[in-house]
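Build out the structure end to end from the sequences listed, making use of the hints.
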Amino acid sequence: MLSKFSNIGIKAIGACLPSKNFSIVDYASQLITEKEAKRFSKNTGFFRLAITDDDVTASDLCYKAACNLFEKSTISKKDIDALIFITQTPDWDLPATSHFLQNKLGLSEEIICFDMNEGCSGYVQGLYLASALIASGQCHNVLVLAGDTISKITDTEDRATRLIFGDAGTASIISQIDNDGIFFNINTYGDRYQAIITENSRHRKSQYNRGGLLSLDGMGIMNFTLNDVPVNMKKLEDFTGIDNSEIDLYVCHQANKLILDALADKIGVVRDKLPFAASETGNTSSASIPLMLCREQYDSSKLEKVMLCGFGVGLACATCITDLSQTKILDVIVYE
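Per the working numbering: the sequence shown = residues 574 to 909.
Treat the hints loosely; a few may be bogus.
Stated by the list, open to error - What follows is a list of derived Cβ distance ranges for each label pair: (1) His-713 - Ser-898: 18 to 26 Å; (2) Val-843 - Lys-651: 42 to 50 Å; (3) Met-792 - Gly-841: 38 to 46 Å; (4) Arg-777 - Arg-612: 34 to 42 Å; (5) His-713 - Lys-677: 19 to 27 Å; (6) Lys-875 - Asp-904: 48 to 56 Å; (7) Asp-811 - Asp-666: 27 to 35 Å; (8) Lys-611 - Glu-682: 26 to 34 Å; (9) Lys-778 - Glu-819: 27 to 35 Å; (10) Ile-684 - Lys-615: 43 to 51 Å; (11) Asp-821 - Lys-778: 45 to 53 Å.
Calculated directly from the structure, the hints in this document are not laboratory data. Nothing here was measured: the structure is a model prediction, and the numbers come from that model. Ideal Cβ placement from N, Cα and C applies to all residues, glycine included.
Laid out in structure tokens, this is it:
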């Protein structure tokens, strides 16, 4: 689905990481030795993982990121017309955690709040929904919170998930901005819903019994990334008339280094232009795109054409091209 929203962009971005950060071996010594870890880290790019305490949730991390954002941006809490909380690890099945966050943040009661059950592509999908709300004329500023604590649903005996996922929370404010617009391409591939899944986690039961823990098809995800994601990206470039040589930076979901290097090669851009930057945090799901921007602290004045691309669980791929030259990108804070 291709679309454009005029004079809408990201006003500010902030991120929060948990205070605990473990080496791969320290976190999962039962699964990997020091020697194996060196080979694993060379391939995946993950050396350390950001991990929350048992009593810290994704909403806690997003709350801290949002508080820091309000403190350091020109948008105040009273200016927020909508709150979107993007997570696959909510505080409860019900009520929606966004309602809890509205009160905790001290936002107006005259706003709409809702949760989005999305992961890897969730941040860009959240930007799309926020842009649509603003384009409708009913909202002027939308708070998008994207965060996950996927470490809480990984199997302690499964190397494919236990060794790659970290936790993070982020906050972004989407507003009316004088720019050339924000462009989207979103695709859904529901035939491959089982590629990343927590079987028996709710009401649909199966014979596969892992008690609601995460499982993923690594090879299937690699094939998806190299076959479907580049098509999505190219269609958006064609739609906007922007060639990949004109893109200042590709900020992609930080799945792992092997996947991102292969994707850069596939679409024909140098790897420095499509970087992997999650070696010290792990794959943080919906938070990985805004987290990368906050961690790397690029000179935003040079980011006039940026492609954000989230891909994974669903399966889904959501891509946007936007101007970040006016965006305030804050340093990462640590949850205390």
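ask   = Which hint numbers doesn't this structure obey?
value = Hints 3, 6, 7, 8 and 9 are the ones this structure does not satisfy, whereas the remaining hints hold.
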